[in-house]
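Dock the two chains into a complex; use the hints.
Keeping their order, the protein sequence lines are chains A and B. Under numbering that gives the first Met the number 0, the residue at position 66 of the first sequence is numbered 65, and the numbers go up by one with no gaps. Under numbering that gives the first Met the number 0, the residue at position 56 of the second sequence is numbered 55, and the numbers go up by one with no gaps.
Among these hints, one or two may not hold up.
[Said to hold, decoys possible] Computed far set for chain A versus chain B, every beta-carbon distance over 10 angstroms:
| no. | residue |
| --- | --- |
| 1 | Pro24 |
| 2 | Glu42 |
| 3 | Asp59 |
| 4 | Asp64 |
| 5 | Thr142 |
[Said to hold, decoys possible] Between beta-carbon pairs, the in silico distance windows are:
| no. | chain 1 | residue 1 | chain 2 | residue 2 | range |
| --- | --- | --- | --- | --- | --- |
| 6 | A | Val28 | B | Ile37 | 39 to 49 angstroms |
| 7 | B | Pro36 | A | Ala16 | 46 to 56 angstroms |
| 8 | A | Ser71 | B | Asp57 | 26 to 36 angstroms |
[To be verified] The list that follows gives simulated cross-link-like pairs (lysine to any residue, SDA-like), each with its CA atoms no further than 20 angstroms apart:
| no. | chain 1 | residue 1 | chain 2 | residue 2 |
| --- | --- | --- | --- | --- |
| 9 | B | Lys163 | B | Tyr41 |
| 10 | B | Lys163 | B | Arg93 |
| 11 | A | Lys182 | A | Val116 |
| 12 | B | Lys163 | A | Asp26 |
| 13 | B | Lys163 | A | Arg100 |
| 14 | B | Lys163 | A | Gly98 |
| 15 | B | Lys163 | B | Pro131 |
| 16 | B | Lys163 | A | Glu27 |
| 17 | A | Lys182 | A | Gly114 |
| 18 | B | Lys163 | B | Pro86 |
| 19 | B | Lys163 | B | Glu80 |
| 20 | A | Lys182 | A | His53 |
None of these hints come from the bench; they were simulated from the model. We put the beta carbon where it would ideally sit given N, CA and C, even for glycine.
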Amino acid sequence: MRARVAVPAGVGLVLLAFGATLFTPTDEVRMAPFPVAAGIGEEVASQHHVATIHEVALADVVELDGWRGTTSGVWLVAEATLAGYVERTTVGVDLFVDGVRFESTPRADSDTVDGRVVDPGLPVTGAILLELPRDILDRPGATSAVLRLGAAGDTRLDSVIEWRIDLTALEHHAEVELDRVRKGAP
Amino acid sequence: MPVLVAGGVLALGGVVAIPLGGWDTVQLQSAVIPEQPIGQPYVGARLSTAIDDIYLTDEHPDGFSDPDPGETWLVVVATMENLLDEPEIPLGNRSFWAFTIPGVLELGVSLDSGSYSTLLQRDGSYGPRLQPGVPDTVEFVFAVSDRLFSEGDEVRIGLTDAEKQDADIYDGIRWWRPHVAVEVPVVIRDER
Chain A
0 MRARVAVPAG
10 VGLVLLAFGA
20 TLFTPTDEVR
30 MAPFPVAAGI
40 GEEVASQHHV
50 ATIHEVALAD
60 VVELDGWRGT
70 TSGVWLVAEA
80 TLAGYVERTT
90 VGVDLFVDGV
100 RFESTPRADS
110 DTVDGRVVDP
120 GLPVTGAILL
130 ELPRDILDRP
140 GATSAVLRLG
150 AAGDTRLDSV
160 IEWRIDLTAL
170 EHHAEVELDR
180 VRKGAP
Chain B
0 MPVLVAGGVL
10 ALGGVVAIPL
20 GGWDTVQLQS
30 AVIPEQPIGQ
40 PYVGARLSTA
50 IDDIYLTDEH
60 PDGFSDPDPG
70 ETWLVVVATM
80 ENLLDEPEIP
90 LGNRSFWAFT
100 IPGVLELGVS
110 LDSGSYSTLL
120 QRDGSYGPRL
130 QPGVPDTVEF
140 VFAVSDRLFS
150 EGDEVRIGLT
160 DAEKQDADIY
170 DGIRWWRPHV
180 AVEVPVVIRD
190 ER
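Excised from the complex, chain B in its bound form (with noise of 0.2 angstroms):
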């Protein structure tokens, strides 16, 4: 009997959820991914970021750096500081990218090293590194193709985060599944 009557109640909500959609478009909770506001900070533990823009321009900000033909550079602007009791490269490394951009830089796709450059906006120094508890606005410019974005197409740059765990067979920080923690929804601007 309760054989029957458990079948039952299934087979019922079988039936109620066709004319719903059927249950491939419920989406699990857990793997939504909460959205955050333009230019507001997210604090990990490694960094605290806050997206602040984002453009594509055919100008470097260094001044003198030229695309490549059928590439143009896209810009993304962020304030960063470093929470860690070292100093950090703000965009990390393959593992563990601070942010991510669909089709450019995604967690565990490394970046040919002449693709991108770092720079800190206030003086336009090369490669900055982050010293802990000095926040500051950094350039981040990636090479991409000048047909891969356009005017007003909203991306939606992801912010890392990861378990901070000591190493085991080294001296130092292991990072326990790198993973996107938000996204933060932003209009692309052209300066082109």
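Same shape as in the complex, but just chain A (with noise of 0.2 angstroms):
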């Protein structure tokens, strides 16, 4: 009888092992950050940003306040304000694409939007850009990008916010001339 019980007990056992192995989320999961989804055009906010974005297109070459930003690959640009939420805070952004994490440039200094500190109340407006491959539209999740805002750094099991980007179906401009980083909204 015991027997009987022994090795069905076991293998059940051994089985939970597996399953247990099998279902216990990576590290990847388990340190991931809480995203509030947001929309083109549309004000979000997060534990540390209150952010739009209006206008995300691609471009071969951007112009900015003289500093002309030229690149092997296509340049991804949006349009952002931004302020902080409760408290004084830095900009960080990057895209994934299918696993791929791209972050925005530092190139052209401070005349961008992410890479600075906003503070609450005092909204500002100005261009966010990142530097993507050249064949990045022929690449698999090129349709359900992921744009990320958050503090700049490390954004483990921070609150971030996060715009789903189709980039097939962006606009894609030869070149594009923007904006220096203002106050206020547009």
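Laid out in structure tokens, this is it:
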């Protein structure tokens, strides 16, 4: 009788161990940030920021206050209005395409709204620029890229805002002239 | 009997080796580092790198930095592509520099933060980070003694590689056994 119970019980425990291993969340899942989903043109707030993205496009060349930004890839250009939510905070922007992370460029110095600090109640409007590969539209995930705005640096288990973007549906300009960062909303 | 035959063969081999310079002149083939022509990319696990140029200059590419007395700038121009899924610093760090220069940049040896700088050639922006799949030409500027190199010297720039592994105790990549994978023989120009 004991043997008849012991064998199935042993097999069951082994299967349970496999199941526990299989369904244990990865570090990536356990440490993922808490996103607030947003649409283009919609003002949303995370724990750190109040943000609106007004427009997104692709461009081969960008001009910004005398700086001519060329790239061997292609630029993702977004116009955004940002402010802090409850306190002064930094701004970091990443784009994720099929598990590949691209970060916003510091090449335009402080003439973009990312890579700076923003204060509550004092919105600023300006550009966000990211360099992407020339073949980005042919890559898997190009139709469901995620633009993530959070505090600069480590966003694990932190509050962020995310926009889902179909890169293949964006307008593609040969050259775009951008405005410097200015106070207020457009 | 077999022992005597084996001993005889070994003794004969030793005698034959003497006029050829002895066994010390034999180079282990696995230790030979292949050569890579200048301008041709070497594709590693982290970066694709092509060395385009190397020269000495007293004028920093940024247009305003001056070398200290007794020093000059050694500029290495390389075209690189980040092959990872994350943005990457082109030069890497002391445990895994992207390349080596004898007497200037060696694996496992730190550089003083003020003794080198990295610029994107297309617009001179400082400290670029390479985005995945977006190749670009980068200028690496090292402060070196003005007597270390001169016009026409040949240096062998080592392009490095390592095995990419998942890190054990933190989330990310561990680079296992960084090493010089190929060497690019280049002749230094002098623009001073």
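Results of checking the hints against the structure:
Listed as outside the interface, A/Pro24 is consistent with that label: its C-beta sits roughly 13 angstroms from the nearest C-beta of chain B, beyond the 10 angstroms cut-off. Every Cβ of chain B is farther than 10 angstroms from the Cβ of A/Glu42; the closest lies at roughly 29 angstroms, confirming the non-interface assignment. The beta carbon of A/Asp59 sits about 13 angstroms from the closest Cβ of chain B, which is more than 10 angstroms, so the claim that it is off the interface holds. Residue placement check: A/Asp64 keeps its beta carbon more than 10 angstroms from all beta carbons of chain B (closest about 13 angstroms).
Separation of A/Thr142 from chain B is adequate, the least Cβ-Cβ distance of about 18 angstroms exceeding the 10 angstroms criterion. Between A/Val28 and B/Ile37 the C-beta distance comes to about 46 angstroms, which sits within the given range of 39 to 49 angstroms. For B/Pro36 and A/Ala16, the Cβ-Cβ distance of about 54 angstroms falls inside the hinted range of 46 to 56 angstroms, so the restraint holds. Restraint check, A/Ser71 to B/Asp57: a C-beta distance of roughly 30 angstroms satisfies the suggested window 26 to 36 angstroms.
For the hint linking B/Lys163 to B/Tyr41, the alpha-carbon distance of about 16 angstroms falls within 20 angstroms, and the restraint holds. Taking the CA atoms of B/Lys163 and B/Arg93, the gap is near 17 angstroms; set against the 20 angstroms cutoff, the hint holds. Between A/Lys182 and A/Val116 the CA atoms are separated by roughly 13 angstroms; this keeps the pair inside 20 angstroms, and the hint holds. Straight-line distance between C-alpha atoms of B/Lys163 and A/Asp26 comes to about 19 angstroms, which keeps the hinted pair within the 20 angstroms bound.
With a C-alpha separation of about 18 angstroms, the suggested pair B/Lys163 and A/Arg100 falls inside the 20 angstroms cut-off, and the hint holds. As the CA atoms of B/Lys163 and A/Gly98 are separated by approximately 17 angstroms, the hinted pair is consistent with the 20 angstroms bound. Note on B/Lys163 and B/Pro131: the hinted pairing holds, with a Cα-Cα distance of about 16 angstroms set against a maximum of 20 angstroms. As the CA atoms of B/Lys163 and A/Glu27 are separated by approximately 18 angstroms, the hinted pair is consistent with the 20 angstroms bound.
About 16 angstroms separates the Cα atoms of A/Lys182 and A/Gly114, which keeps this hinted pair within 20 angstroms; it holds. The suggested pairing of B/Lys163 with B/Pro86 holds, with an alpha-carbon distance near 16 angstroms, which does not exceed 20 angstroms. The hinted pair formed by B/Lys163 and B/Glu80 meets the criterion: a straight-line CA distance of about 17 angstroms does not exceed 20 angstroms. Using a Cα cut-off of 20 angstroms, the hinted pair A/Lys182 and A/His53 holds, with the two alpha carbons roughly 15 angstroms apart.
The structure meets every hint from the earlier list without exception.
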